[in-house]
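Student: Protein chains in written order, with the working numbering: chain X, 1 to 224; chain R, 1001 to 1224.
Worth flagging that the hints you see were computed from the coordinates, not collected in a lab. We treat Cβ as the ideally placed atom computed from N, Cα and C, and that holds for glycine. Do not rely on the hints blindly, as some may be mistaken.
[As the list claims (entries may be wrong)] List time: in silico DSS-like cross-link candidates among lysine-lysine, alpha-carbon distance up to 30 Å:
1) X:K139 to R:K1029
2) R:K1047 to R:K1029
3) X:K66 to R:K1046
4) X:K66 to R:K1047
5) X:K29 to R:K1139
6) R:K1046 to R:K1068
7) X:K203 to R:K1172
8) X:K90 to X:K172
9) R:K1139 to X:K139
10) X:K29 to X:K146
11) R:K1170 to X:K205
12) R:K1139 to X:K151
13) X:K101 to X:K154
14) X:K134 to R:K1066
15) R:K1154 to R:K1029
16) R:K1134 to X:K154
17) X:K172 to R:K1101
18) R:K1154 to X:K139
19) R:K1101 to R:K1170
20) X:K100 to R:K1172
21) X:K46 to R:K1134
22) R:K1146 to X:K203
23) X:K134 to R:K1205
24) R:K1047 to R:K1025
25) X:K172 to X:K100
26) R:K1134 to X:K203
27) X:K139 to R:K1025
28) R:K1146 to R:K1066
29) X:K66 to X:K154
30) R:K1151 to R:K1101
31) R:K1101 to X:K170
32) R:K1154 to R:K1134
33) R:K1090 to R:K1100
34) R:K1154 to R:K1090
35) X:K170 to X:K100
[Stated by the list, open to error] Interface residues of chain X toward chain R, partial, derived using beta-carbon atoms under 10 Å:
36) E41
37) L137
38) F201
39) Y213
40) V218
Number of protein chains: 2
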Amino acid sequence: MKLALQFNMNPSLYLRDPEGTDLGKNIIKHSIQLIHDTGFEAFTFKKLAESIGTTEAGVYRYFENKHKLLVYIISWYWRWLDFQIGYQTKNLTNPVSKLKKVITILATTVEDDLMTGHVDESILHQILISEGSKAFLTKQVNQDNKQEYFKPYKDLCNTVGEIILEYNPKYKYPHSLASTIIEMAHLQNFFMNHLPLLTDFSKSKNESEIIQYLEELVFNTIRI
Amino acid sequence: MKLALQFNMNPSLYLRDPEGTDLGKNIIKHSIQLIHDTGFEAFTFKKLAESIGTTEAGVYRYFENKHKLLVYIISWYWRWLDFQIGYQTKNLTNPVSKLKKVITILATTVEDDLMTGHVDESILHQILISEGSKAFLTKQVNQDNKQEYFKPYKDLCNTVGEIILEYNPKYKYPHSLASTIIEMAHLQNFFMNHLPLLTDFSKSKNESEIIQYLEELVFNTIRI
DNA sequence: TTTTAAATAATAGTATTACTATCTTAAATA
DNA sequence: TATTTAAGATAGTAATACTATTATTTAAAA
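Full structure from sequences and hints, please.
Tutor: Written out as structure tokens, the structure reads:
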């Protein structure tokens, strides 16, 4: 039997659980590919249906609209990242190496995790960079938040915040610094590749420079 | 004669210069209001035309599509901010007070500047918080960048980067830190108001806390 | 003053998007 | 075997994002 990694997702994000059927898994798989290829604005359920070989109505039986589908796959990624951080830091004892590990995980394009069959994490990482903030930068953010759509993000933020406090229990802004690290790991990557003058990484386009930048930022900020 | 403040905008953003006619100025004025009220996704040229009392075709004569209109008003704001920073720091001698001033300007909801008749800066500031990153988080970012659509943002980033270097000429990431400050001044505000668990400002919802957070972040990071 | 050009208003039309509804078939379950 | 459940097939609608055309008003040039 294959090893499999699953996360339980907020049921109000979907009409029918996509993890439960082949069509459902195909919807997740192909939407990740298609959102990456076309961008979220140009992504439609019709195109998605065509790429799967089903009909528009078929997709609508799983997700009410494309916004909920986006929130679904992004939430999935936050859960996966949170799991990765827990897993990869559990044997580390000092908070310095933990925090460095966290920054590296956040800022590095991952390889496809074979334990999650229909999800390609490396593409998901790219989606998060370009489309991630569109999940919450909407007029319905307050309603979405009441429905707990952003819990996976908050949990991740909390995980990172806890490690910050391990290093310096007196630091006053662990959650803000955590969300800053997470957002900047993505945004500086986007800038580096598309608007290099907004960064100082123009020449190399190397993720290790972003990691270097974030490490300095974090450790100087929280130093005791 | 009234004092007036104008910025010359990138001509490839518009078909007809909106600063040149009453209808043009109304398009700017009402689109700022309408994007703020409905959010960019629900904003359409038809609604805009109705709110002005003209027709859809009338708006299309000024702007090719709503994306260019968004980039226009956001660029306008970056130019205005850049001007504000120049103006409000020109008599300050030491870089510490300059940087503090910059952070305050970026993170504070401004009052409507009466020198700019048809533009309400306080609403624009809100638009920047909620819609700002949608100007560049698109599939056409590279083409848009070639057309210099983001020059005002880069100029602002440079202004801030210069001040950072004044304080510490050896700091390696002045542009990345500048874009981090600018983005976080907005994003932490959004989080504070809509997703408070991603910040540490939940209770008070006070902008001064964001300023405090950013000041600590910046000065610890670039300290010599 | 007249001519002419430019800007705007009014109206119509199209392809695509974002859905909802219904009906049939196929497969799994009781 | 009967029945629920999922999926496929097809149709339809209101709204969006435009383009095009013609008529009317306004303003600048001759």
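Student: Could you run down the list of hints and mark each one as holding or not?
Tutor: Results for each hint:
| no. | hint | in the structure |
| --- | --- | --- |
| 1 | X:K139 to R:K1029 | holds, 20 Å |
| 2 | R:K1047 to R:K1029 | holds, 14 Å |
| 3 | X:K66 to R:K1046 | holds, 23 Å |
| 4 | X:K66 to R:K1047 | holds, 23 Å |
| 5 | X:K29 to R:K1139 | holds, 20 Å |
| 6 | R:K1046 to R:K1068 | holds, 16 Å |
| 7 | X:K203 to R:K1172 | holds, 14 Å |
| 8 | X:K90 to X:K172 | holds, 25 Å |
| 9 | R:K1139 to X:K139 | holds, 22 Å |
| 10 | X:K29 to X:K146 | holds, 28 Å |
| 11 | R:K1170 to X:K205 | holds, 21 Å |
| 12 | R:K1139 to X:K151 | holds, 28 Å |
| 13 | X:K101 to X:K154 | holds, 19 Å |
| 14 | X:K134 to R:K1066 | holds, 17 Å |
| 15 | R:K1154 to R:K1029 | holds, 25 Å |
| 16 | R:K1134 to X:K154 | holds, 22 Å |
| 17 | X:K172 to R:K1101 | holds, 22 Å |
| 18 | R:K1154 to X:K139 | holds, 28 Å |
| 19 | R:K1101 to R:K1170 | holds, 22 Å |
| 20 | X:K100 to R:K1172 | holds, 19 Å |
| 21 | X:K46 to R:K1134 | holds, 24 Å |
| 22 | R:K1146 to X:K203 | holds, 18 Å |
| 23 | X:K134 to R:K1205 | holds, 23 Å |
| 24 | R:K1047 to R:K1025 | holds, 16 Å |
| 25 | X:K172 to X:K100 | holds, 20 Å |
| 26 | R:K1134 to X:K203 | holds, 26 Å |
| 27 | X:K139 to R:K1025 | holds, 26 Å |
| 28 | R:K1146 to R:K1066 | holds, 19 Å |
| 29 | X:K66 to X:K154 | holds, 22 Å |
| 30 | R:K1151 to R:K1101 | holds, 23 Å |
| 31 | R:K1101 to X:K170 | holds, 27 Å |
| 32 | R:K1154 to R:K1134 | holds, 16 Å |
| 33 | R:K1090 to R:K1100 | holds, 13 Å |
| 34 | R:K1154 to R:K1090 | holds, 20 Å |
| 35 | X:K170 to X:K100 | holds, 19 Å |
| 36 | E41 | holds, 7 Å |
| 37 | L137 | holds, 6 Å |
| 38 | F201 | holds, 7 Å |
| 39 | Y213 | holds, 5 Å |
| 40 | V218 | holds, 9 Å |
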